[in-house]
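Engineer: Okay, here's what each chain looks like letter by letter:
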Amino acid sequence: MTAQKESTHTTDPHAAGLVASLLPCPEPVQFVDATGRRVPGGEGGRGYAQPTAEQLVETWRRMVVGRRFDVQSTALTKQGRLAVYPSSRGQEACQVGAVMALRPDDWVFPTYRDSVALITRDIDPVETLTLLRGDAHCGYDPIARHTAAQCTPLATQLIHAAGVAHGEARRGRDTVALGFIGDGATSEGDFHEALNFAAVFNAPVVFFVQNNKYAISVPLSKQTKAPSLAYKGIGYGVPSEQVDGNDAMAVLAVVNHAVQRARDGGGPFLIEAHTYRLDAHTNADDATRYREADEVTDWLTRDPIARLEAWLRSEGLVDDARVEEVTAEAEAFATALRDRMNADPQVDPMSLFDNVFAEPTPELVEQRYMVAQEIAAEQEEQE
Amino acid sequence: MTTLTMAQALNTALRDAITQDDDVVVFGEDVGTLGGVFRITDGLTRDFGEERCFDTPLAESGIVGFAVGMCMAGFRPVVEMQFDAFGYPAFEQVVSHVAKMRNRTAGAVQLPMVIRFPYAGGIGGVEHHSDSSEAYYAHTPGLKVVSPSTPADAYGLLRQAIEDPDPVVFMEPKALYWAKGEVQTPGQPLPFGRAAVRREGTDVTLIAYGPSVPVALKAADAAREEGWDVEVVDLRTITPFDDDTVARSVRRTGRCVVVTESHGFAGVGAEVAARVQERCFHSLAAPVLRVSGLDIPYPAPKLEHTYLPGVDRVLDAVARLQWDDEPDTRWLDSARGGAA
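The listed protein sequences derive, respectively, from chains D and L. Just so it is clear: in the first sequence, position 136 is 136 by the numbering used here, and no numbers are missing. To convert, take the position in the second sequence, counting from 1, and add 383; that gives the numbering used here.
One or more of the hints may lead you astray.
[Unchecked claim] Not close to chain L: a few residues of chain D, all C-beta gaps over 12 Å, as computed:
#, residue
1, 137
2, 286
3, 298
4, 328
5, 349
6, 361
[Unchecked claim] Chain L regions said to be covered by chain D (calculated; three or more residues, Cβ under 8 Å):
#, region
7, 470-478
8, 489-497
9, 643-653
Derived from the structure by calculation, the hints contain no laboratory data. Even glycine gets a Cβ: it sits at the ideal position worked out from N, Cα and C.
Just need the whole structure built from these sequences, with the hints factored in.
Structural biologist: Spelled out as structure tokens, the structure:
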């Protein structure tokens with residue numbers, strides 16, 4: 001699967017094999033089935049390399065920690081410590097697998113549902129949750145971490161990914177940008193503009209769609225008539241693949257391929273990962289209003305962590321002792337998070353006026369003075 | 384000093400910025416080989432290469448979002464929205480990302496980008512080519528909004544916009560692209576937030592920006608014949624706003640008319656009028672009046688002269704500034720065209 005470099009305006013693109021080279025496999029790429037058995041030929045004859053044992057063990061470890069973090073974060077909303085939390089429980093193979101294929105200097109453009117991806121990138125969990133805790137809009141330094149602020153306006157961050165990838169390439173760097181997006185957001189115009197810009201500028205971008213079957217309440221069937229969301233790449237000349245998003249080995253294999261291809265100058269790549277959001281959209285949502293409990297139960301049997309763990313055990317790569325060790329590590333991670341989130345940091349109202357502009361405008365100087373006076377008066381009353 | 388049109392002054396500013404700063408890149412629709420539909424980027428690709436000035440796919444949200452990403456890689460993009468009304472697809476990128484990025488990342492991500500808009504009417508453009516869209520951007524914290532009225536200001540303000548650490552919405556009055564004036568080249572950036580007194584006077588202050596400044600100046604000349612000595616203040620930048628120059632003028636004249644080509648309702652003129660009465664109430668001899676475009680969708684070319692606020696409407700407003708201390712009859716029911 002090499003990049004198609006020549007013009008797409010051939011007289012017979014089918015004869016040139018162009019269309020075939022852009023299309024995803026007819027069925028999602030799967031390396032390991034739901035029972036943890038390696039699927040022979042599951043990679044669809046595309047030659048995706050099986051990730052190394054080391055990469056797979058580390059992916060599993062981070063999925064275990066990520067799951068515990070996710071469950072803890074949902075609990076923190078019930079304790080009033082987070083304003084809201086959009087869970088990605090059940091999507092760990094995507095969250096962790098996609099990030100594990102990247103170098104620290106590669107760029108990530110996350111959505112609000114990608115907290116587990118952020119901690120996999122070793123961003124501090126409290127900094128990851130700053131947005132959802134309500135302290136500030138972003139808890140970490142996006143430039144230092146090469147990780148954009150968690151994005152709420154759907155698909156808008158993907159054009160930034162194309163821009164930064166193009167800019168880095170112009171500076172002679174071989175960094176790649178990976179943009180996360182959900183199934184619903186593939187209906188947004190910016191998704192299409194981003195694919196087109198990335199293709200036209202041959203920007204090293206990997207578009208990673210987590211198709212978790214619901215856009216809040218709206219099922220995929222009401223979102224698109226496309227045979228697969230991965231078919232949305234072909235119109236832009238972007239090669240695409242669909243993958244079993246609950247099979248971490250397959251996710252890693254396909255993202256490894258896409259990232260290396262982009263790094264080597266092959267341009268953008270679109271991946272649709274079929275997965276499932278086990279929890280509601282957020283803690284504020286009631287998923288029983290739009291889906292049956294049976295559906296959730298069915299997806300529980302396809303759990304990504306159990307699946308990879310079963311395979312790792314069958315290969316002798318992890319054992320009971322290792323599982324116990326990682327479970328304890330995840331527990332300690334959650335406990336430390338809970339303790340830190342129980343602290344009540346003071347947020348300074350005067351900071352509201354920082355960073356609106358490099359230098360405050362006259363209105364901001366006036367309004368900062370007004371707020372300072374109000375605060376001083378309140379304090380005087382209390383004393 | 385050289386005599387240049389505003390279009391040439393803008394082109395020169397882009398050339399000087401590209402020459403001086405390797406990080407400046409210009410892109411948008413038709414800005415490359417063609418040089419832009421108004422030729423503002425004429426010859427940039429030829430003289431500096433595709434690396435510095437390039438065409439993009441036809442997608443405004445993509446253009447602005449791409450510029451956001453390029454800023455994150457350390458570039459200083461100058462992008463063109465081909466026409467005022469063609470910028471609306473990019474509105475989400477402008478409002479949700481460009482304006483907020485510095486704030487939402489606590490200063491970590493800065494977006495030193497310029498979004499250029501040929502804007503406003505008066506050139507016989509068909510539908511969707513003549514909007515005055517500045518109020519949408521001026522209403523949004525985090526954006527600087529600039530509109531020059533002379534070739535010299537166009538040069539200096541664009542140089543400042545490119546050097547500025549904040550994102551700048553640069554509104555170019557397309558009716559003034561061919562207006563000539565003296566420009567110092569290469570010249571210096573013109574600092575933002577400093578309004579210019581274009582004409583000194585003692586009786587009334589006309590406040591305008593961009594395409595309305597020549598209208599205000601013509602009205603001031605005509606008012607001379609009526610016996611009024613009119614001062615004209617050109618805001619140059621809507622954000623940041625120069626309250627000092629405006630208030631100093633109105634406190635001295637005691638009367639004020641705000642002239643804008645945009646629709647009046649909830650427009651920049653309303654903001655100016657409010658600021659003037661807040662700061663100058665005790666110096667005012669009459670209510671602050673606004674002269675604006677009509678509150679209708681921008682009309683077809685054959686009717687745009689009726690829409691545009693011209694010299695006569697400005698003079699009518701000046702005449703209504705209670706010179707004989709009588710109330711303005713316009714606000715009485717009988718004068719309101721039958722409206723309740």
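Engineer: Holds or violated: the region 489-497 of chain L covered by chain D, criterion of 3 or more residues with Cβ-Cβ distance under 8 Å?
Structural biologist: Result for this restraint: holds, n = 5.
Engineer: Taking the minimum C-beta separation from residue 328 (chain D) to chain L, is that value above 12 Å?
Structural biologist: holds, 35 Å
Engineer: Closer than 8 Å Cβ to Cβ for three or more residues is the test here. Does the region 470-478 of chain L pass it with chain D?
Structural biologist: Holds, because 3 residues of the region 470-478 of chain L bring their Cβ atoms closer than 8 Å to Cβ atoms of chain D.
Engineer: Over 12 Å to the closest beta carbon of chain L is the bar; see if residue 286 (chain D) clears it.
Structural biologist: holds, 28 Å
Engineer: Quick check for students: does the CB of residue 298 (chain D) sit more than 12 Å from each CB in chain L?
Structural biologist: Non-interface label on residue 298 (chain D) holds, nearest chain L Cβ at 37 Å vs cutoff 12 Å.
Engineer: For residue 361 (chain D), is the shortest beta carbon distance to chain L beyond 12 Å?
Structural biologist: violated, 4 Å
Engineer: Given that the region 643-653 of chain L was listed as covered by chain D, double-check it with a C-beta distance under 8 Å for 3 or more residues.
Structural biologist: violated (count 0)
Engineer: Just checking, residue 349 (chain D) versus chain L, shortest CB gap more than 12 Å?
Structural biologist: Holds, because the least Cβ-Cβ distance between residue 349 (chain D) and chain L comes to about 15 Å, which exceeds 12 Å.
Engineer: Can we trust that residue 137 (chain D) is non-interface, i.e. its beta-carbon lies farther than 12 Å from all of chain L?
Structural biologist: Answer for residue 137 (chain D): violated, closest chain L Cβ roughly 4 Å.
In summary, the numbered hints that this structure violates are 1, 6 and 9.
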